[in-house]
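Top to bottom, those sequences are chains A and B. In terms of numbering that gives the first Met the number 0, the first sequence has 288 at position 289, counting the first letter as 1, and numbering is strictly consecutive. In terms of numbering that gives the first Met the number 0, the second sequence has 260 at position 261, counting the first letter as 1, and numbering is strictly consecutive.
For the record, the hints were derived by calculation from the structure and aren't laboratory data. Every value quoted in this text rests on a predicted model; they were computed, and no experiment measured them. Positions of the beta carbon are idealized from the N, C-alpha and C atoms, including for glycine. A few of these clues could be false.
Claimed, not checked - Covered stretches of chain B (in silico footprint by chain A; criterion: 3 or more residues with CB under 8 Å from a CB of chain A, positions within the stretch not fixed):
{"no.": "1", "region": "56–62"}
{"no.": "2", "region": "90–98"}
{"no.": "3", "region": "244–251"}
{"no.": "4", "region": "272–280"}
As the list claims (entries may be wrong) - Which chain A residues stay away from chain B? Per the calculated CB distances, all over 12 Å, these:
{"no.": "5", "residue": "Val16"}
{"no.": "6", "residue": "Leu54"}
{"no.": "7", "residue": "Leu127"}
{"no.": "8", "residue": "Glu156"}
{"no.": "9", "residue": "Leu224"}
{"no.": "10", "residue": "Thr234"}
{"no.": "11", "residue": "Lys238"}
{"no.": "12", "residue": "Thr260"}
{"no.": "13", "residue": "Gly263"}
{"no.": "14", "residue": "Ile307"}
{"no.": "15", "residue": "Thr310"}
{"no.": "16", "residue": "Tyr312"}
{"no.": "17", "residue": "Ile321"}
{"no.": "18", "residue": "Ser324"}
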Amino acid sequence: MLRFIVRRVLQLIPTLVGLSILLFVWLQRLPGGPEYALLPDDATDQQRASLRRSLGLDEPLTVQYLSFLRRILQGDLGTSITTGRPVLEEFLTRFPATFELAVSAMLIAVAVGLPLGYLAARRRGTVLDFAAVGGSLVGICTPVFFLAFILKVVFAERLGMFPSAFRLSPGLSRTNLSGFAVLDGLRTGEWDVVADALAHLVLPGLALASIPLAVIVRMTRASVLEVLEEDYVRTADAKGLHRNTVRTRHVMRNAMLPVVTAIGLLTGSLFAGAVLTESVFAFPGIGSFIYAATQDRDYPVLTGFILIIATVYVFINLLVDISYSLLDPRVRAQ
Amino acid sequence: MLRKSSRKPIALLAAATSLALVATACAESTREGGGGADASEPFVFAAAGSISTLDPFLTSDGETYRYSRQVFETLLRHESGGSEIVGGLAEDWEQSEDGTEWTFHLRENVQFHDGDPLDAEAVCANFDRWHNLTGGYQSSNNSYYWQSVFGGFAENEDEDIPDSRYVSCEAQDELTPVITITEYSSIFPGGFSLAAFGLMSPSTLEAIADQEVTGEEGNFTLPEYSQVAGTVAGTGPFTVEEWDQDQDEVTLQRFDDYWGEPAGFETMILRAIPDETARRQALEAGDIHGYDLVAPADVEPLEAAGFQVPTRDVFNVLYMAYQQEANEALADLEVRQALAHAVDRQRIVDTILPAGGEVATQFHPDTLDGWSPDVQTYDYDPELAEEMLADAGQEDLTVEFCYPSDVTRPYMPAPRDIFDVISADLEAVGVTVEPVTYEWADYIPRTNSGECPMYLLGWTGDYNDAYNFIGTWFSGYNSEFGFRDEDLFEAMEEASGNPDDAERTAAYQELNNQIMDILPGLPISSSPPSIAFAENVNPPAVSPLTQENFSEASWK
Chain A
0 MLRFIVRRVL QLIPTLVGLS ILLFVWLQRL PGGPEYALLP DDATDQQRAS
50 LRRSLGLDEP LTVQYLSFLR RILQGDLGTS ITTGRPVLEE FLTRFPATFE
100 LAVSAMLIAV AVGLPLGYLA ARRRGTVLDF AAVGGSLVGI CTPVFFLAFI
150 LKVVFAERLG MFPSAFRLSP GLSRTNLSGF AVLDGLRTGE WDVVADALAH
200 LVLPGLALAS IPLAVIVRMT RASVLEVLEE DYVRTADAKG LHRNTVRTRH
250 VMRNAMLPVV TAIGLLTGSL FAGAVLTESV FAFPGIGSFI YAATQDRDYP
300 VLTGFILIIA TVYVFINLLV DISYSLLDPR VRAQ
Chain B
0 MLRKSSRKPI ALLAAATSLA LVATACAEST REGGGGADAS EPFVFAAAGS
50 ISTLDPFLTS DGETYRYSRQ VFETLLRHES GGSEIVGGLA EDWEQSEDGT
100 EWTFHLRENV QFHDGDPLDA EAVCANFDRW HNLTGGYQSS NNSYYWQSVF
150 GGFAENEDED IPDSRYVSCE AQDELTPVIT ITEYSSIFPG GFSLAAFGLM
200 SPSTLEAIAD QEVTGEEGNF TLPEYSQVAG TVAGTGPFTV EEWDQDQDEV
250 TLQRFDDYWG EPAGFETMIL RAIPDETARR QALEAGDIHG YDLVAPADVE
300 PLEAAGFQVP TRDVFNVLYM AYQQEANEAL ADLEVRQALA HAVDRQRIVD
350 TILPAGGEVA TQFHPDTLDG WSPDVQTYDY DPELAEEMLA DAGQEDLTVE
400 FCYPSDVTRP YMPAPRDIFD VISADLEAVG VTVEPVTYEW ADYIPRTNSG
450 ECPMYLLGWT GDYNDAYNFI GTWFSGYNSE FGFRDEDLFE AMEEASGNPD
500 DAERTAAYQE LNNQIMDILP GLPISSSPPS IAFAENVNPP AVSPLTQENF
550 SEASWK
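Please construct the entire structure, taking both the sequences and the accompanying hints into account.
Following this line, the structure appears as C-alpha cells:
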C-alpha cells in the first residue's frame with residue numbers, strides 16, 4: 000500500500016512540472032504583457048519600457064522560466080495588482096470561504112444523490128426512478144449561474160428566506176481563528192455567526208451542488224443496476240444471505256467504486272464552478288476574486304490561482320486513486 | 000460497521016435539512032432589522048471592487064479613493080456635487096504670479112482622528128514625506144499620482160523618473176503652509192485636490208516612518224500600516240474601524256470631533272461586489288443600501304421599483320479615433336470629415352446611452368473650462384459624406400474598426416451596440432467596415448500602439464482642467480492617433496503652462512477649435528454614470544467626478 004502511494008506521489012512531479020511549463024507559456028502569450036496590466040492605461044511608453052526591463056522581460060526565455068520556477072517553489076506566486084498583497088496570502092484569506100461552500104455543496108450532493116440513486120436503481124421503472132433520472136438530466140443541463148439566479152430571485156428577493164449576497168451579514172462581529180466561519184463560530188460558541196454563515200451557504204451551496212448531485216444520482220443508479228446483475232449478487236441472494244447484508248456489503252461497496260472516482264473529480268470541479276456561483280452571490284471566496292481579477296487584468300492573481308487550483312485538482316486525483324485502491328485491492332496490484 | 004454506514008446518507012440529509020431550517024429562521028431574524036429606522040443601523044454600500052490599501056497615496060484606483068475620501072481630506076477639494084475646486088482643509092489659497100508658490104490658509108480647530116491638531120507643520124510633514132520617499136515607494140505602481148503631478152523625488156533612484164517639480168513646503172505661520180514648485184502647470188490647483196494626497200496626522204507619519212515597500216517591480220509587498228487598520232489617522236468625517244479582507248469589507252465609524260457637519264451614519268460599511276447584476280440584486284433583496292456603476296438598462300426598472308437612482312453630471316467623453324498611420328486614407332482630412340458626417344451620433348445617444356447623455360462636439364464635456372462653443376461641428380449628413388468620399392477618391396474605402404468585446408465603461412456602455420450603429424452608418428455611405436474585436440486586456444495595448452485604424456475609446460476626468468482630457472492625447476506625438484502637428488503640440492504645452500486663468504481658458508478654447516478642425520477623431524458622446532440608493536436613504540450629492548461625500552447621507 001505504502002509503495003503504491005509513494006509511486007503515485009512521485010508521478011505527481013512530472014505532472015506539476017508540465018503544469019508550470021504550460022502556465023509559463025500562457026504568461027508569455029498574455030495580451031499586451033504585464034507592463035499594460037501593471038500600469039494605468041494612460042502610462043507613457045517610457046514607463047512601460049522601464050517596467051519591462053525591471054521585470055526581466057528582456058532576458059532569454061529559459062532564464063525567465065527558471066526564475067519563474069524558483070519563485071513558485073519558494074511559495075512566491077507574485078503580488079496582486081489590484082490589492083497589492085501577495086497572491087498566496089490572498090488565496091489563503093479566501094480559501095476557507097470557498098472550501099466551506101464546496102464542502103456544503105458536496106454534502107448536499109452526496110447526502111441527496113447517493114440514497115436517491117440507490118433508490119432509483121432498486122425501484123427501476125417506477126415513478127421515483129423516472130423522477131430521479133429526469134431530474135438529474137435537468138440538473139446536468141441547467142447552467143449553474145442560471146440556477147443560481149433563479150434560486151436567488153425566488154428565495155432571496157421574492158420570499159426573503161435567505162440572504163442574496165455575502166458570506167456573513169455586514170457588520171456581524173466574529174472571532175476569526177481559522178478563517179472558517181462555521182467552524183470558528185462552533186469553537187467560540189458564537190451561534191449567531193454559525194447560523195448566519197449557514198444561511199449564507201444555503202443558496203450558493205444548492206446552486207453549486209446541482210451538477211454533482213445530478214451526476215451522483217445517475218452514476219449511483221447505473222452502477223447499482225450493473226452490480227445487481229452480477230453473478231455474485233445472485234449467488235449471495237441464492238445462498239439465503241440477509242437481503243440488507245447483500246445490498247450493503249456486496250452491492251453498495253462494489254457500486255461505490257466509480258462513484259467515488261466521480262465524487263473526487265467533481266470536488267475538484269467545484270472549485271472551478273465556484274467562480275460563477277460566488278460572483279452571482281457576491282460570496283467573497285476565491286471564485287469571485289478570480290472573476291474580479293479577470294475584469295481587472297490581474298494576471299499574477301490569475302496565474303497564481305490557476306497553479307493552486309490545478310495543484311489541488313492533482314492532489315484530489317491522488318486521494319481518489321488512494322481511496323480507490325482501498326476499495327478495490329486489484330488496483331494496488333496493477 | 001457497514002450497516003451503520005448505509006444509514007449515514009439519511010442522517011446527513013436530515014442534518015443538512017435541519018441546519019437549513021435553522022439558517023432560514025436566522026436569515027429572517029437578521030433581515031428584520033433592515034430598513035434603517037434605527038440610526039445606528041450600518042449603511043452598507045457595494046462597490047465594484049475591493050480597496051487595495053488604507054493609504055491612498057500608494058494607489059491609483061478609484062475604489063480605494065472612495066474609501067479614503069471619507070477618512071482623509073485634502074488641502075483643496077471639489078464642490079459638493081460639482082467640479083469646481085473649493086477649499087478643503089485650506090479655507091482659501093493664493094498662488095504667486097508665476098504660479099510657483101502656493102499659499103494655503105488652513106481651517107482653524109481641525110483635529111486628526113488621533114487628536115493631533117491640523118497645522119502648517121502637519122501639512123508640510125506630509126508633502127515632505129512624499130517627496131523624500133525611497134526604494135519601492137518610487138515605483139510608479141506605488142506613487143503614480145505623485146509622479147504625474149509632482150514629477151520625481153528628492154533623490155530619484157531610477158533614471159526614468161522625471162525631475163521633481165516639488166521644491167519645498169514651509170510653515171509661514173501656524174496655519175499657513177506655503178508649497179513651492181519649480182514651474183507653473185495647469186495641473187494645479189487641481190493636483191492638490193487628488194485623493195492620493197489625503198493628509199495623515201503627524202503621529203501617524205512618525206509611526207510609519209520606518210515601514211518600507213518591500214519586494215521588487217511587479218511583486219511589491221505594501222507596508223503593514225497600509226494593510227491593517229489601527230495606525231492611519233486623517234481628518235475626515237469617518238475613521239477606519241476595521242478592514243476585513245476575507246469579507247472584502249471596510250467598516251467606517253463616524254468621527255465625533257469632525258470640524259464640519261457630522262456624518263449622518265454612525266457606521267458605514269463598504270463591501271465589494273464585482274458583478275453588476277449581483278449588486279443590483281443585493282440592493283433589491285435589501286442586503287445593501289446602495290451601489291455604484293448601475294447598468295444603463297437597470298436605471299428605469301430600479302426607479303420603477305422605488306429605488307433612488309441619481310445620475311451624475313457628465314465628466315467623460317467617448318470618441319471614435321482615426322489612426323492615420325494604420326490606414327493611409329485616414330491621413331486625408333476630407334476622408335476623416337466624410338466619415339464624421341456619416342455617423343448618426345444622436346441615434347447612439349438616444350438608443351444606447353443612459354438618459355442624460357449628449358452628443359459631444361469636442362474631446363471633453365461642456366462642464367470643463369475651455370470648452371468651446373465655436374468648434375466646427377460635423378452633422379449627420381450621409382449624402383454629404385458620400386460626396387466627400389467620392390471627392391477624395393475613396394468611394395471604395397475599406398477600414399478595420401476595433402471595439403472591445405468584454406467591457407462596459409462609464410463612458411461606453413454596450414460597445415458592441417455602439418459599433419453596430421456606426422458600422423451600419425459607414426456601410427450606408429459605401430465604406431466597407433472590417434470589424435475586429437479584442438478583449439479589454441488586449442484592446443488597450445493594441446489601440447495604444449496604433450494597430451487599430453479606427454476604434455472606440457474614451458476617458459473619465461480626474462479634475463477640472465481641460466488638459467486632463469485633451470492634453471492626454473494631443474500634447475505630443477501619440478501612437479494612438481498617429482499624426483504629428485507640431486503647432487498643435489506646442490500650443491498645448493504653452494496653454495498648460497500659462498498661469499493666467501482667463502488666458503489659459505481662452506487658449507484651451509482655441510485648441511479645441513483647432514483639434515476639431517484637424518479632426519484626429521470624432522467625439523461621440525458624454526454620458527452620465529448612475530448610482531443607486533435604497534428608498535430609506537437620503538443620498539449624498541452625487542459628483543460628476545464620482546467623489547461622493549457619504550457623510551452627507553443619512554437614514555430618512
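Consistency of the hints with the structure:
Three residues within the 8 Å Cβ limit are the bar, and the region 56–62 of chain B against chain A gives 4, so the coverage statement holds. Proximity of the region 90–98 of chain B to chain A, defined as three or more residues with a beta carbon under 8 Å from a beta carbon of that chain, is not established by the 0 residues found. Using a Cβ-Cβ cut-off of 8 Å, 6 residues of the region 244–251 of chain B lie near chain A, which meets the minimum of three, so the contact claim holds. Judged by the Cβ-Cβ criterion of 8 Å, the region 272–280 of chain B is covered by chain A as claimed, because 7 of its residues qualify and three suffice.
With a closest Cβ-Cβ approach of about 22 Å to chain B, A/Val16 is found to remain outside the 12 Å limit, as its non-interface label requires. For A/Leu54, the non-interface assignment is contradicted: its Cβ lies about 5 Å from the closest Cβ of chain B, within the 12 Å cut-off. Non-interface call for A/Leu127 relative to chain B: holds, since the shortest CB-CB distance, roughly 15 Å, exceeds 12 Å. Not every CB of chain B lies more than 12 Å from the CB of A/Glu156, the least distance being 5 Å, so the non-interface label is violated.
Here A/Leu224 stays apart from chain B, with its beta-carbon at least about 18 Å from theirs, past the 12 Å limit. Here A/Thr234 stays apart from chain B, with its beta-carbon at least about 18 Å from theirs, past the 12 Å limit. Even its closest Cβ contact with chain B, about 18 Å, leaves A/Lys238 beyond 12 Å, as expected for a residue assigned away from the interface. No Cβ of chain B approaches the Cβ of A/Thr260 within 12 Å, the least distance being about 18 Å, so the stated non-interface status holds.
Every C-beta of chain B lies more than 12 Å from that of A/Gly263, the closest at about 17 Å, which supports listing it as non-interface. Against chain B, the non-interface label of A/Ile307 holds: every CB pair exceeds 12 Å, the least being about 16 Å. Every Cβ of chain B is farther than 12 Å from the Cβ of A/Thr310; the closest lies at roughly 20 Å, confirming the non-interface assignment. Every CB of chain B lies more than 12 Å from the CB of A/Tyr312, the least distance being 23 Å, so the non-interface label holds.
Look at A/Ile321: its CB is around 19 Å from the nearest CB on chain B, clear of 12 Å, so calling it non-interface holds up. For A/Ser324, the requirement that its beta carbon stay farther than 12 Å from each beta carbon of chain B is met, with the minimum near 19 Å.
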